[in-house]
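Protein chains in written order, with UniProt numbering: chain A, 1 to 857; chain B, 1 to 359.
Where hints are given, some of them may not hold.
As the list claims (entries may be wrong) - Taking CB as the label site, the calculated pair distances span:
id : chain 1 : residue 1 : chain 2 : residue 2 : range
1  : A       : 505       : B       : 185       : 55 to 63 angstroms
2  : B       : 311       : A       : 134       : 32 to 40 angstroms
3  : A       : 186       : B       : 189       : 41 to 49 angstroms
4  : A       : 288       : B       : 232       : 50 to 58 angstroms
Just so you know, the hints here were simulated from the structure itself, not pulled from any lab data.
We put the beta carbon where it would ideally sit given N, CA and C, even for glycine.
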Amino acid sequence: MQNLDDLQKVLIIGSGPTEIGHETELDSATVQIITGFKKHGVRTLVIDNNPFSVALEEIQPTNMYVQAVTTANVRHIIERDQPDAILPTLGGLLGIRIAQELVENGDIGRFGVTILGMPAATLRQINNPAALNDTLKEIHEPVIEAQVVSTEDEALGLVESIGFPLIVKPVAPRLDTNRTICENVDDMLDALNQGFAQSRFDQCTLERSVVGYKEIEMVAIRDVADTKVMITGLENIDTVGIHSGDSIVVTPPQTLNDREYQDLRDATFRIATELGIVGVIHIHFALNPDNQHFYVTKIAPYFTRGVALAARTTGYPLALVTGALLIGQRLVDIKLPSRFVKQTAIMEPTIDHVSVRIPIWPFQEVPDADQHLDTVMKAVGSTVGVGRSVEEAMLKSVRSSQFSPRDVLPSVSNLTDGEMISQLIHPLANRILVLIEALRRGYTPDELSELTKIDVFYFVKLQHLLKIEKQIKGNPLDVETLKMGRYYGFGDGMIARIWQTDTATIRRLSAEAEIKPTYKMIEPTAGEFDEHASGYYSTFEYENESEPLGDRTALVLGRGGNQLGPNTAAEYFTTEMLKQLKRAGYHTILMNTNPNAIGIAPEFTDKQYVDPIQLGDVLNVINVEHPDIVIVPGNRHYLTRELGKLDLNLHVLPPDQESSKAQPKTATISVSLFVHEQHKIAVGVMDMIAPGMNQDIAQVTAFRMPAERAKADRLKLVEQAKEAVSEHQLTGMVQVLFAPKSKDSQQLTVVGIRPTRLTEMAFLSKVTGVNWVRMLTRQHIGTLDEKELAAIKIDLNSKRVALMNAVFPFQQLHVLNRPGTTDQEMGATIAFGSSEALTLSNLSDTEQLDKIINRTI
Amino acid sequence: MAKRYLILEDGSAYAGEGFGAGATTSGEVISNLNLLGYQETITDQIYHNQIIIFAQPAIGNVGINHDSYESILPTAKGMVVRDVTNISTNRLSRLSLDEFLQQHNIPGISGIDTRHLIRKLRKMDGPVKGSIVDVADAHAFDQLNATVLTNRQVDQVATPKPYPNPDTGKNVVVIDFGLKHGILRQLSERRCNVTVLPWTASAQDVLNLDPDGVLLSTGPGSPLDLGEGVLEMIRAVQAEIPLFAIGLGHELFALANGAKLEALPVEYHGSSHPIRRIITNDIIYATQGQGYAVSAKTIDRDRLITTYVDLINGTVQGLRHRDYPAFSVQFFADGAPGPHESRDLFDEFMEAMTARREG
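Work out the full structure, taking the sequences as your base and the hints as a guide.
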């Protein structure tokens, strides 16, 4: 199948559960691409086992393969369903690897399947750095000489010519992120030892280290006719040596001169052409700031967090356009929705704002992980701040990433000088706060730049912020100072704290002096055209561009950057809620700072505000939009309380887990009920599985439905659950928890009632085929239909069994693999099958769980 | 820093903070949408007597550097930016944007809602005059309204005397209308032995040097103000030797061959428009800076062929003569700032010179 015009059926290789390295951005792109394919009459099949996937909600069950994303499973689908093409670029590096294996074992040729996005030769090279380097050398792109070694002796023989520091990387690693900087022979031998084990070929590469160089990322797209468009560049504030996923990233690049930027653009285009990429390409460069020489350090011709950031901050419809490119359209021919000016697809984005992305690390939840930032990525999420100056964007992003309920920045003033210097050189997760503290203690920008290799420009900007902070301190309650503080991104909570007053006072002062935010559109032409994009950010200038959406509006506050815990599920929840609100005729407005959020795509919301989700900023949006409904996530207690004081139609969704009635120590079975007035619909009876030795409720991270019980038992539990719920007069999605009466007893008793957790709500929706998030939303907005409720039939004794198991980041954080807690969840996997296939002989055996969930079907 | 104002002829005033020189200046207000390259922009002589609004909000971040000059003596009338950083990051940490502007008596104003201005200019008809002033009072507006923008821009910025830029390769005569250094850099990279002549040079002056090729440079203002003499020179030279014209040079080349110009509703300065290379049908990006465009319907098809076209506003971006090895582009083929993919036009020029020698 060569002619893309005849394309009728495409299999998308999904990304699997959220892990360190990728989160919901892949799901978000998948949804948009499926929508695009549908418009062009292409049927999409998806394989994925992520229970929080929104993409899986968007397609017909017959096109959905809820299976582990493995080569064997993909092969079976190809054999059975005969797609015309497969699309690997939405599955991250895993997708590329699977596609390559299918090429290598001959399946692609045998079944006549086309690979979308790149030729087979490129797949191979992306998986093999040495081969890729050879290609790059042929087209004269500077690469760091990587030498492949299979033994320690070979490596020792090369040490002299390469010199320390050098980097050890496994060839075709099983994980995305393993490269180790070695300062001496001992380091190198350790790294080789690990690397050989991680390599699929028992090989490693050795290469010169470019630690301390600037790390610049370029995101571009290319079509079949070799037309290329540069979307944007991303500048890592931290230099090479800290993984780009752990680095603070600024876009557009601020400290490059035009020549440096254009040289990288040229190289990006040459590489895209040479590799025959169709769609998106994301390249990392190491740039020597002293002589403008650069090296290509990573090529990712697939969707990544960098691609998501580029799309979010330019307003360029990247996923939409890529979808069209993949099925053979040319950039000049792409027709975009009417909110875009004609030909936006083929204009190179130019932007008039600055965005700063700051990572979020999981060290609070996993304190025994090594917290130093290095070449192995540890962040689990990120937040973005957008502004009209570097100061404003930076401060907004810091306020969102160093999350504090009252919008006050944490202080690191208790560090000793020794600790501070050590952390400047060996950065930890509080990186940005330590840089600010060092300036506060009198280090000059030049000194800090020397010490950290971070461009002096950023220290000048941080120093400016300190100067403004000082002015705020020196002029309490002065409106001119307040105006300036807000102009540079200070939050109302921060200023209130400095002035030892409350947010209400700040807001009164601002209102009196008419210090109002002006919202600017995030659009890709820097004001050249009247775009009608839907993303906005606040600043304090002359012209406000955001007009209220009008009647029947719902403002939904997002959860901010991803963290460990139920956040991926929360992302699913928020998106499904937004879809339901839209369906109910609401104009939907989302406030979020997570650049990888799904709901922030214009497909799901009429309008998006990329601003800190803090009281002052939320009130500013409310003042513009006057929404009919405001929806706050359940984990935002202070915000909920403060908004509750105002005359707003306020709803808390997803529900607050702390509203539980009695939190038990343990539970082995649960019954979930949807309670609406007199209706109590039994949604499911689940086994609550805590892999490991004890049955602590916090360790219940796996679920099986229906529970392995006799039919009569299940019905009895349901009746008990209904009684318990009636007693407490609860409504919504409620989960009644059961546990044995005593250690030796088989008899179950009610031990607790809580709102159904987000993860389990997603699981229940996937298993029952009823979208409970939407039901809950409808309950809140009063559009639930009694008759419809009465008609819902759920088979509590289904023969088809479902299992869900949480995924933890322990392996990537290099900590002991162990039973995790619900606070440590990164994502989850789901599997369906017959009762026999999914029988668990030993509930505490995590390996058995994994094996069953990831089995070949 | 001192509070200053940008005032426009429609009576609006915008308060900001002054940087650079404290001078009060007036000029035509235009906007530049490029992502980077403020130094190249401010030193490009096409901005003679203009006040430049920068879309990119953070300006001055890398100071002033030795390899980013497009001319040594900038003659723009001002910079309007959202945020300026006073920093020098060149090898000797010597020159910041602020100091550079002071040295050249160019005022800057920061803290301006530049996005608003760009959106507003788009809707205003024709050139808009503005001033950077200390006080936005009636007197300042009177002064602004009384200002007559000169039409002698080329005279002001082009070299009055010939000078050489020696090398060992092809002999190229560059006619200077407000020459952008990027052009000399491209010729240097190709080892051209360059002689720069004043724009008033006659065909005889050019031919006397026996060049392999002639390049008509970029420059400020309207080509209609330059008179018939230069058009005669072009007609005489193109018949004899390979000719390559850029920017203002391209507009003159078109006029010399019978085409007419039209003024754009809003000047366009940026590099985000796709430009189609008609012969290969591929698409490139290049820095554009133009207030005029060659009117497509006035092109005499017996003499000129359209070679490049802007896909966004449909403007003619390149021409080639049917009978002579003479061609031109509206956009800045040297980049600086902006994309590099049109630099192969200089190779084309080299080939034309080689072909002529061999032929």
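*So which of the earlier hints does this model not fit?*
none
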